[in-house]
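Heads up: the protein sequence lines correspond to chains A and B, in order. Anchor point for the first sequence: position 228 equals 228 in the numbering used here, and the numbering is continuous, going up by one each time. Anchor point for the second sequence: position 205 equals 205 in the numbering used here, and the numbering is continuous, going up by one each time.
Hints are not guaranteed to be accurate.
PhoX-like cross-link-like pairs, simulated, lysine-lysine; straight-line CA separation at most 25 Å [stated by the list, open to error]: (1) Lys191(A) to Lys144(B); (2) Lys52(B) to Lys41(B); (3) Lys191(A) to Lys212(B); (4) Lys121(B) to Lys241(A); (5) Lys241(A) to Lys92(B).
Read the hints as simulated data drawn from the structure, not as lab findings.
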Amino acid sequence: MGWFKRNAEGITTSSSEKKEIPEGAWYKCPNCKTVVSNQEHAATLWVCTMCDHHERIGSDAYFGLLFDEGKYREVAPKLTSADPLGFSDTKAYTDRLDAAKAKTGLTDAIRVGSGEMNGQGVVIACMDFSFIGGSMGSVVGEKIARGIDHALKKGVPFICISKSGGARMMEAGLSLMQMAKTSAKLSLLSKAGLPFISMLTDPTTGGVTASFAMLGDLNISEPNALIGFAGPRVVKETIGKDLPEGFQRAEFVLEHGFLDAIIPRKELKSQLSFSLRMLHTQE
Amino acid sequence: MNYLDFEEPIKTLREQLEQAREIQDKNDLDMTTTIEELEVKIEEVSKEIFGKLTPWQRVQVSRHPDRPYTLDYIEALTEGNFLELHGDRTVKDDKAMVGGLGELEGRPVMFIGQQKGINTKMRQYRNFGMANPEGYRKALRLMKLAEKFNRPVVTLIDTPGAYPGLEAEERGQGEAIARNLLEMCQLRVPIICIVIGEGASGGALGIGIGDKVFMMENTWYSVISPESCSSILWRSWDYKKQAAEALKLTGDDMKGLGLVDDIVPEPLGGAHANREATFQTVKDVLISELDKLQKLNPDKRVNNRLRKFSNMGVVAG
């Protein structure tokens with residue numbers, strides 16, 4: 001006989017109490033369960049020193065990491081979704097947007113910054129998974145397009161850090177065509193001879209993988225990042241078998257020939273700078 | 001004839017018509033009046049039903065088992081003057097993606113499209129029209145071949161999606177589709193795309209970047225199928241009708257949003273109800289559009305194409 005009796009079955013913590021990014025003073029690695037202070041975790045660039053688990057981070061962290069002194073100018077910061085289809089499922093799309101904006105303080109699932117990386121001019125687009133799963137709708141497509149336009153105007157390389165579940169269903173056909181739009185813009189960058197480095201971070205799937213994310217002059221990733229077209233659950237359902245260990249992880253994708261390199265976060269800035277210097281002579 | 005659930009009234013009338021004809025033949029009775037009345041009635045009821053199809057009903061028509069598929073169109077458009085070309089030159093020949101050289105009223109054209117099967121065995125052989133990466137790479141190889149010899153490209157889109165299998169992932173399904181988008185944006189020859197059945201997501205778009213993109217009247221084109229959308233957003237398979245409404249996936253919606261250029265009308269009852277008429281309409285559209293596109297210089301054509309796709313999307317702020 002236990003001392004306590006459970007009143008209701010199952011775990012009753014409501015989803016609103018669950019937190020996406022652990023807040024508070026401590027961070028527990030989801031992989032090896034090592035506990036470190038948040039300060040320490042940030043100092044190691046949100047990488048576990050015990051098991052090398054790369055925690056998912058957002059545009060704020062990547063911009064801070066890559067731009068010199070964390071300084072950059074944001075391109076088209078005010079763009080937001082217009083809910084062109086008046087989409088509603090169990091919730092109205094506008095409600096989902098408002099909730100995501102309130103939760104993240106962002107306007108959509110991507111931000112574009114223009115600045116310098118080790119003294120080299122560069123435009124960096126970076127997706128935020130915390131905003132509706134990093135999904136790509138009209139705003140993501142338009143911001144990438146404007147980022148590329150900006151890089152073309154300034155004659156500097158373009159880097160895109162992807163982190164997305166794919167196209168945003170709530171903008172349906174418009175989301176789908178962002179794949180075409182971003183590819184069209186990248187074809188102009190390519191013709192202008194400006195480098196495009198695509199960084200695919202955990203997770204990058206769906207329409208993002210099937211468009212700009214796989215079109216880098218260099219495709220790079222972080223250790224153990226999930227990268228695929230179909231999500232692992234869909235693939236598993238399709239083949240009716242368990243998936244092999246490491247399936248769709250960055251190392252697997254590199255072995256199959258679709259990534260140039262996997263770069264640990266602490267080397268990211270120096271390796272990106274080096275690659276750009278090797279590809280592009282700054283004027 | 002296969003009938004969809006909402007075509008039940010038409011089916012009943014057609015059966016009555018058959019009976020009337022049979023009675024006339026067997027018993028030497030004059031049923032002319034009855035037959036004529038029934039024919040008029042069938043026409044009326046068909047107009048009534050097909051005049052106000054819901055988005056979900058249109059999805060059903062787009063998947064009708066009697067609908068013409070890619071090779072049916074090519075065969076009819078070229079009057080058999082067609083040579084199918086196989087293989088991506090790297091892995092294998094994808095049976096879900098077909099292509100080849102055909103003669104369209106004296107014009108050499110590269111035809112490419114997803115192919116579905118007509119019976120269980122052939123559906124498996126064609127992998128239900130779901131191409132693997134090698135299918136998209138075959139398509140690109142054929143487009144490059146067309147570009148080299150300055151021949152226009154016509155793609156016919158009919159797929160429930162790119163195949164989400166294990167080998168497809170290993171061989172880079174995402175990269176294969178992405179590469180096609182980029183290359184099609186810059187292809188120097190005219191490209192016309194027509195959605196002839198299902199236009200599901202990246203699998204459709206992978207051969208869908210064109211100077212002119214058309215949808216047949218009873219087709220759909222969107223980022224996801226209504227069923228999958230229902231299962232993800234409603235967490236149940238039961239909301240496919242609502243999902244079909246919400247996705248704005250019909251030709252009228254897609255044209256209204258500026259995502260496709262125009263709609264090709266189908267005969268009453270759908271493309272399968274009168275195949276010959278369908279093929280003739282498509283042939284007329286292709287000839288008139290190809291002749292217009294071929295008059296433009298390639299730079300201008302590519303620029304127009306790039307501008308069209310670059311303008312897609314609606315944002316605020």
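Are any of the numbered hints broken by this structure? If so, which, sorted upward?
none
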